[in-house]
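Q: One letter stands for each residue in the lines below.
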Amino acid sequence: MKLIDALKLVAATAPAAGRPRFDVGLVCGFTPLHFETFLTAHLRQRMPDRHVSVSTGLFGDIPGTLRHLIDHPVDAAVVALEWADVDPRLGIRALGGWSPRRLPEVVEHAAMWLDQVLQLTRDLAATIPVVINLPTLPVAPIFFTASWQASAYETQLQANLWNFAAAAAAHPRIRVINPQRVDLESPAAERLLVSSTLAYGFPYQNAHAERLAATLARAVENRQPMKGVITDLDDTLWSGIAGDDGVENVSWDLDHHTQGHGLYQQLLSALSEAGVLVAIVSKNEPAVVDAAFAREDLLLRRERVFPLEVGWGSKADAVGRVLARWNVGADAVVFIDDNAAELEEVKAAHPAVECLRFPHGDPQAIYDLLIRLRDLFGRTALSAEDTLRLDSLREATESSDVPDQSEGHSEALLERADASLVLDFTKDANDARAFELISKTNQFNLNGRRPTERGWAEYLRDPHTFLLTATYKDRFGALGKVAVLAGRVEDSRVQVETWVMSCRAFSRRIEHQCLKALFDRFAAREVSFAFNETPRNGPMARFLTSLQDGAAGAPVSADVFHAACPRLFHRVVFKDACPAGN
Amino acid sequence: MNDVHTRLAKCFTAVFPNLSPAEVATATIASVAGWDSLATVTLMTVVEEEFGTAIEPEELEDLLSFEAYERRLSGESPAAAAG
Chain Y
1 MKLIDALKLV AATAPAAGRP RFDVGLVCGF TPLHFETFLT AHLRQRMPDR
51 HVSVSTGLFG DIPGTLRHLI DHPVDAAVVA LEWADVDPRL GIRALGGWSP
101 RRLPEVVEHA AMWLDQVLQL TRDLAATIPV VINLPTLPVA PIFFTASWQA
151 SAYETQLQAN LWNFAAAAAA HPRIRVINPQ RVDLESPAAE RLLVSSTLAY
201 GFPYQNAHAE RLAATLARAV ENRQPMKGVI TDLDDTLWSG IAGDDGVENV
251 SWDLDHHTQG HGLYQQLLSA LSEAGVLVAI VSKNEPAVVD AAFAREDLLL
301 RRERVFPLEV GWGSKADAVG RVLARWNVGA DAVVFIDDNA AELEEVKAAH
351 PAVECLRFPH GDPQAIYDLL IRLRDLFGRT ALSAEDTLRL DSLREATESS
401 DVPDQSEGHS EALLERADAS LVLDFTKDAN DARAFELISK TNQFNLNGRR
451 PTERGWAEYL RDPHTFLLTA TYKDRFGALG KVAVLAGRVE DSRVQVETWV
501 MSCRAFSRRI EHQCLKALFD RFAAREVSFA FNETPRNGPM ARFLTSLQDG
551 AAGAPVSADV FHAACPRLFH RVVFKDACPA GN
Chain R
583 MNDVHTRLAK CFTAVFPNLS PAEVATATIA SVAGWDSLAT VTLMTVVEEE
633 FGTAIEPEEL EDLLSFEAYE RRLSGESPAA AAG
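Sequence order for the protein chains is Y and R.
Residues 1 to 582 in the numbering used here are what the first sequence spells out, letter by letter.
Residues 583 to 665 in the numbering used here are what the second sequence spells out, letter by letter.
Since the hints were made in silico from the structure, they are not lab data.
Quantities reported herein were computed from a predicted structural model and do not represent experimental measurements.
Just so you know, even glycine gets a beta-carbon here, dropped at the ideal spot from N, CA and C.
Hints should not be assumed to be uniformly reliable.
[As the list claims (entries may be wrong)] Computed far set for chain R versus chain Y, every beta-carbon distance over 12 Å: (1) N584; (2) H587; (3) S613; (4) D644; (5) L646; (6) E649; (7) S656; (8) G657; (9) S659.
[To be verified] In the DSS-like style, the derived pairs of lysine-lysine whose C-alpha atoms are separated by at most 30 Å in a straight line are: (10) Y:K2 - R:K592; (11) Y:K575 - Y:K440; (12) R:K592 - Y:K8; (13) Y:K427 - Y:K473; (14) Y:K473 - Y:K575; (15) Y:K473 - Y:K516.
Bound-form chain Y, shown alone (with noise of 0.2 Å):
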């Protein structure tokens, strides 16, 4: 993007009506200048359902601006040091002397201002998201070695820098850029400008400062990783065609020069214990994939994969029974095939799903594709949860075979279930697991209302709102934190603003015990619901007009609610201390 296109965009998306506003800190010791306009050009084609204004401090006061912005907070911060920041003398701006004799001092002064930094980004980050970036420019010639050799002064301002950056990214709520990424998209020689930094105290080029505002914009939208990877066989989970060359003639090592299909393997299973869902479609013999599976040293295990759809029918097909059976949207799905035609079978029958080709006989390509799914399925943290995505899908699958059923699950079955809930309605606005349900949840959503980490945070303080949140588990294993309801309660009146449940939860009838707990909990004598039809919670719209005939979302009286309401099995244990009403 060149800067006349960045402010043709910013002049172009200037604030509208009925768009939610989303303000981003700019924390930077230098002058922004076109840094800031491509940071907010960048974010806004990345968010172009909110209004994206960025906002800056005082330029050279980066302490003073975070605690500005602790006290006057914004959705998110983006922090981007340079050296300049850390010590002045490590800049080219500032005539602070470059003796050899004070380089332990500079050593010394620039641990104990990062060691403010981080406090302060601590504090910040307790309501907000904030994203750091690393000092990009190089170090002023300030050391007494000639410029190829590190010395020990600089390599321990390095040390205090990572041990920096090591502490913050510990924060679950601070994201640290990656500078090998970095590095990868802006040369370094490509990014000093020295006679701007020296003239307005802009110290970036144009590209750098584009591409740096791109990487940086990327993190703050902090998009929902992809759910699902579907992949092909032969000459791509292995190199050979299992059928005619033999099962035990397939490779994937050093030895056979088919490494790359190990180290696809190795991404592919490190991605399953992630809590990424790992299929199979191919066109094959059972039998002989069984086979395949069956090999010691094959590093997917066939227990990581979920569902198989082996035959000789249309790949395409064959995609839309995995689709059904993990029931996540096709836009979070990718499918990989050695085969061009397959891929665009596949995509033509399923515009949204990714497909990529998985470039057999390349190893750089395959290597560039391993880069490319981590980038896919990018996580922030690991929660619990994520461990347990496999086995309740496979266990809610397997159920869902059971004849008579009520709602998915037999009456007999959700009986048996031995089912226990943990209902909780503390207030816990750094609940990780309950804000990731609200952001990434579409079918059961009460109204596709997505709110930022700061306006969830201001919510949860309004003493007139609550929180519920539900863990589940049961006989067949745990699903963890599946639910989220949030409200208001006015004189025995609840109104739910937010409801949320996980797919793997349905057909547990945990809506209605939730429900259940707030007639019970607030002595409702009525629940009303902010439900919007959005173009994929048909689901939830279905649970509401079960409960009674009419409108999806209107009010639910106690009566109305217990005599819709079906046998509930759950053993529930309530954890909290909120009173009715409050």
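Let chain Y serve as the given structure and place chain R on it in line with the hints.
A: Just chain R now, kept in the frame of chain Y:
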């Protein structure tokens, strides 16, 4: 209207989106609201990008109008226009 004029006009309207097409050719630092020091640097950078040329910081004191930029980009002295 020559190519330099047209491309320069695009640069001006990108930096000063409230400027009407009729006002562009006569734009000066005195006539355009918002033409401050930050806008001066932004305009210079946009022009550098568009024309693939480098403008030295010390040249900016003469580049105070559309006409001055046009003369500079045509290889003439911008000072004549500024003065």
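Q: Hint by hint, note whether the structure agrees.
A: Hints and how they fare:
1. N584: holds, 19 Å
2. H587: holds, 16 Å
3. S613: R:S613 clear of chain Y: closest Cβ-Cβ about 20 Å, beyond 12 Å.
4. D644: holds, 15 Å
5. L646: holds, 17 Å
6. E649: holds, 20 Å
7. S656: holds, 20 Å
8. G657: holds, 22 Å
9. S659: Answer for R:S659: holds, closest chain Y Cβ roughly 21 Å.
10. Y:K2 - R:K592: Judged against 30 Å, a Cα distance of about 13 Å means the pair holds.
11. Y:K575 - Y:K440: This hinted pair holds, its Cα atoms lying about 25 Å apart.
12. R:K592 - Y:K8: Roughly 10 Å between the alpha carbons, so the hint for R:K592 and Y:K8 holds.
13. Y:K427 - Y:K473: holds, 22 Å
14. Y:K473 - Y:K575: It holds: about 15 Å lies between the C-alpha atoms, which stays within 30 Å.
15. Y:K473 - Y:K516: It holds: about 18 Å lies between the C-alpha atoms, which stays within 30 Å.
The structure shown violates none of the earlier numbered hints.
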